[in-house]
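Enquirer: So you can see what is in the structure, the chains are spelled out below.
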Amino acid sequence: MALPPNPAFTAPHVNDPMVPQPYRIAGRREENYDTFTLELVPLGDEEPHGFRPGQFNMLYLFGIGEVPISISGDPARPELLAHTVRALGTVTTAMKELKVGDVVGLRGPYGSSWPFEALQRQDVIIVAGGIGLAPLRPLIHHLLSERRRYGRLVLLYGARTPGDLLFQKQLAKWDEKTALEVHLTVDRGTVAWRGNVGVVTTLIPRVQFDVSHASAVICGPEIMMRYSALELEKRGMARDQIYVSQERNMKCAVGFCGHCQFGPHFVCKDGPVFPFSLVAPLMKVREV
Amino acid sequence: MALQTLEVSELGEILAALAQRGYRLLAPTIRDGAIVYDEIDSHQDLPIGWTDEQEAGSYRLLRREDEAVFGYVVGPHSWKRYLHPPALTLWRAERSEEQGFTINEERAEADKVAFIGVRACELHAIGIQDRVFLQGEHVDSHYRARRENAFVLAVNCSQAGGTCFCVSMNTGPKVNEGFDLSLTEVLVENRHFFTVEVGSDLGAEVLDEVASREATAAECQEADRSVQNAVEQMGRSLDTEGLKELLYDNLEHPRWLEVADRCLTCGNCTMVCPTCFCTTVEDVTDLGGESAERRRLWDSCFTTEFSYLHVRPRVTISLPLTLSPGGSVRSSSASRYRQWLTHKFGTWFDQFGTSGCVGCGRCITWCPVGIDVVEELNAIRHTPGSGASERGE
Ligand SMILES: Cc1cc2nc3c(=O)[nH]c(=O)nc-3n(C[C@H](O)[C@H](O)[C@H](O)COP(=O)(O)OP(=O)(O)OC[C@H]3O[C@@H](n4cnc5c(N)ncnc54)[C@H](O)[C@@H]3O)c2cc1C
Ligand code: SF4
Ligand code: SF4
Ligand code: FES
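Protein sequence lines, in the order shown, are assigned to chains F and Z.
Quick note, the first sequence lines up with residues 1 to 288 if you use the working numbering.
Quick note, the second sequence lines up with residues 1 to 393 if you use the working numbering.
With the rest of the complex left out, here is chain F (with noise of 0.2 Å):
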C-alpha cells in the first residue's frame, strides 16, 4: 500500500541523511609522523552543530571517498570542529595532504557519547592506545572544565613509541596543573625514552582509585579494551563501571549499511561508546 506523504520529507531540498555538508579547514597541526588534527568550520553561514565527547563525523574527501573520525577537539567550542586522523589507507592518507583553505564534505555528528554525567562524583580511569585518545580527549576536555564535580581523574596512555604518543604537550601542561594524573607507557622505548614500557594494562594495577566509586572508559584496539577491562574487572571495578568505544567498518553512519554490526549492536548508532557489561559476552567470542 502507498505511504502517506510525508510533506516534510518530500519537499525539495531537504538532506538526504547520506549528503554531506561543505567544511572548510581553518586550521591543520602535524601531531606526528603519521597523524594531524583537522579544524573544521562550515562553509555555509549555519550555525556549528554541537557535539557530545566521543562522537564521529563521517569526513568525506572530494572524489576519494569517506571515513569515520572521531571529534577531538573540545565540546565547548564546537565551532572548531577538531579531528585528529591518523593516515593508514586510502582516504586517510589522501587526507594527510590537505592544506588549510581546503573544503571536505561532512556528515554528523553520530553515535553514543561518553557517559560525563555517570561519571560525576566518582574517579575516572582513563585508558586509551594509539589514536584511541582521540575520542578520549573531548571527554578530557569536558571533565576538566568541571573538574570539581569529578574525584581523582586519571589517563594511563600507551603507544608503540614515544614519537606516537598524541598531544604530548597538552597532557604535560594538564598533568603539570594536577588536573589529570597522566600515566605513559610505550610498547618499545628509545634511548631518550624514561618513562614506562609496557602495553597500558601494565599500568592498571599500579592506579590509585576508590573502587566504590570509581569508573573507567577505555578506546583503543579492541584485544587492549578486552584485557583492560579485564585489569580493572580484577581491581574489584564492575563492569557496568566500564565503558569502551568499539570499532567497525562504516559505510554510512545512519544504520542503512549493515557493515557495523556487532551482533545486535550498530556500532553507528548504538554505540561507538558501549558500557563493558552490554558487550564483554560478544568480546569473548571471535570474529563478531
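Honestly, the hints are just simulated from the structure, not real lab data.
Watch out, some of these pointers could steer you wrong.
To be verified - Straight-line Cα separation of at most 20 Å, SDA-like style, residue types lysine to any residue; simulated pairs:
#: 1; chain 1: Z; residue 1: K244; chain 2: F; residue 2: E31
#: 2; chain 1: F; residue 1: K234; chain 2: F; residue 2: E287
#: 3; chain 1: F; residue 1: K284; chain 2: Z; residue 2: I371
#: 4; chain 1: F; residue 1: K284; chain 2: Z; residue 2: D249
#: 5; chain 1: F; residue 1: K96; chain 2: F; residue 2: E117
#: 6; chain 1: F; residue 1: K96; chain 2: F; residue 2: E39
Since the structure of chain F is provided, determine the placement of chain Z with the ligands on it from the hints.
Expert: For chain Z with the ligands alone, coordinates are given in the frame of chain F:
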C-alpha cells in the same frame, strides 16, 4: 467493502486502469528460464500457464495443465530490487573554484509504479525494510520516494513452493495488510476467477473502474480453500520457538565449521533475500577529476571486505617489519555464515523488533550448493553446542 469477484478476463482491465493512472506495471514475467519482476505492457506478459519447481539448490519452470495466472511462487527477484535498488547514485559533486567542490543532491523522486502479484511473504519483507529505512532516527529519502509511489496488487498463494515456510514464520500464505488490492485466484472445474479484497481507498477507486461484483458465499469458500491448499503444501517447516536465544547461546557451535565447509561464500543468499539490506558505497570520478559521484551498491556480509578494518603495519621481533595490509573482522567463512544466520533469525529481533526472515525460501533455492537455513537451524537446535556458557563469563 465485501469481497468482490472478478473474471479472469478482467484482470487486464485492472492493469489498464493502473496504466491509465500513470503507473508503470512491474510484474512477474519469464526471462532466462526463471520468473523475474520486470516491466510489462499488459497481462499477456504474465507467466500464464507456468509453474515452478523448487528445491534446495534447484529451480525449474514447468508448463501447467491449466491457464493459471499466478500459479507459481517467488523467483530470484524480490521487490527490493525496485524499492532498494542494487545500484543507486546518492549524489554528485563538481569541483568549484571558490569552495573546493559543491554537492548536488540527487532528488529523491520516483515514478508511480504498480507492483503486480506481491505475495504475503514479500509484503512482510517490505514491512521489514520499512523498519530499516523509514522507522529509525534517519530516513532514506530514496526508499521513501519509491515506497510512497508504489501501488500494491497482492496475490494470495494458492500453492506453495518446495522451499517455502511462510506458515512457520507467520507471514503467509494469505496477505493481511499493506496492500491496495489483493487477489485470490480460483481454478475449479470449469470456473476460473479471482476474488478481490480492497485494502485502501486507492484500491477501491481502481476496482471501481472495472466491472466487478460482490462475491457469492460459494466463491468466498472456494477462495479460502485455495489458500488452505497452499498451507497444506508448505514445502518446509521451522520450529521458531526461542530461535533468538538459541542462536545467541550457540555462537560457538561445531555446526558453523561444518556448514562453512560447504558454503562457497558466494553471497547469493543475501542477494536473493527480500529483507537483506546491506550496502557499500563507491566513489567515482570522471577522467579529468572535475566531477565525482557517490554510488550505493548492494553488498553482502559474505565478503571479507565487508568487515575490513585497517590494521597498522606491525613491527614484531621475529620479522622486523610485517606489513599487514589490514584485516577482516570476519575472515573465516564460518564466522560469515554465522553472521548471516544469526542476523536473520536472531539479532534482527533486537535491532528491528521482528525476524529478519519471512520464509520465502529463496536463499535455499538459489544456494548453488543447496544449503538450507531450516536444516542448519534444526541442526543447531538438535545438537548441544558448547556455547551455552557464552553469555556469562
Ligand atoms: C567510530 C569510529 C571512529 C574513528 N575515529 C578515528 C579517529 O578519530 N582518527 C583516526 O585516525 N581514525 C579513526 N577511525 C578509523 C578510521 O575510520 C579508519 O582508519 C579509516 O576508515 C581508514 O580508511 P582508509 O581509506 O584510510 O583506509 P583503507 O585501508 O584504504 O580502508 C578502506 C575502507 O575500509 C574501511 N575501514 C578501514 N579501516 C577502518 C576502521 N578502522 N574503522 C572503520 N572503517 C574502516 C573504510 O570504509 C575505508 O574506506 C575511526 C573509526 C570508527 C569506526
Ligand atoms: S532468509 Fe531465506 S527464506 Fe528467509 S526471507 Fe531471506 S531468502 Fe527468504
Ligand atoms: S549459503 Fe549458499 S548462497 Fe549463501 S553464501 Fe553460502 S554458498 Fe552462497
Ligand atoms: S555504519 Fe552503516 S549501519 Fe552502521
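Enquirer: A separate judgement is required for each hint: does it hold in the structure or not?
Expert: Status of the hints after comparison with the structure:
1. For the hint linking K244 (chain Z) to E31 (chain F), the alpha-carbon distance of about 46 Å lies beyond 20 Å, and the restraint is violated.
2. Between K234 (chain F) and E287 (chain F), the direct Cα distance comes to roughly 25 Å. Violation of the 20 Å bound is thereby established for this hinted pair.
3. As the CA atoms of K284 (chain F) and I371 (chain Z) are separated by approximately 28 Å, the hinted pair breaks the 20 Å bound.
4. Distance check on the hinted pair: K284 (chain F) and D249 (chain Z) sit about 13 Å apart at the alpha-carbon level, within 20 Å; holds.
5. Restraint check for K96 (chain F) and E117 (chain F): the C-alpha separation of about 35 Å exceeds 20 Å, so the hint is violated.
6. Between the alpha carbons of K96 (chain F) and E39 (chain F) the distance comes to roughly 13 Å, so the proposed pair stays at or under 20 Å and holds.
Violated hints, in rising order: 1, 2, 3, 5; the structure is consistent with all others.
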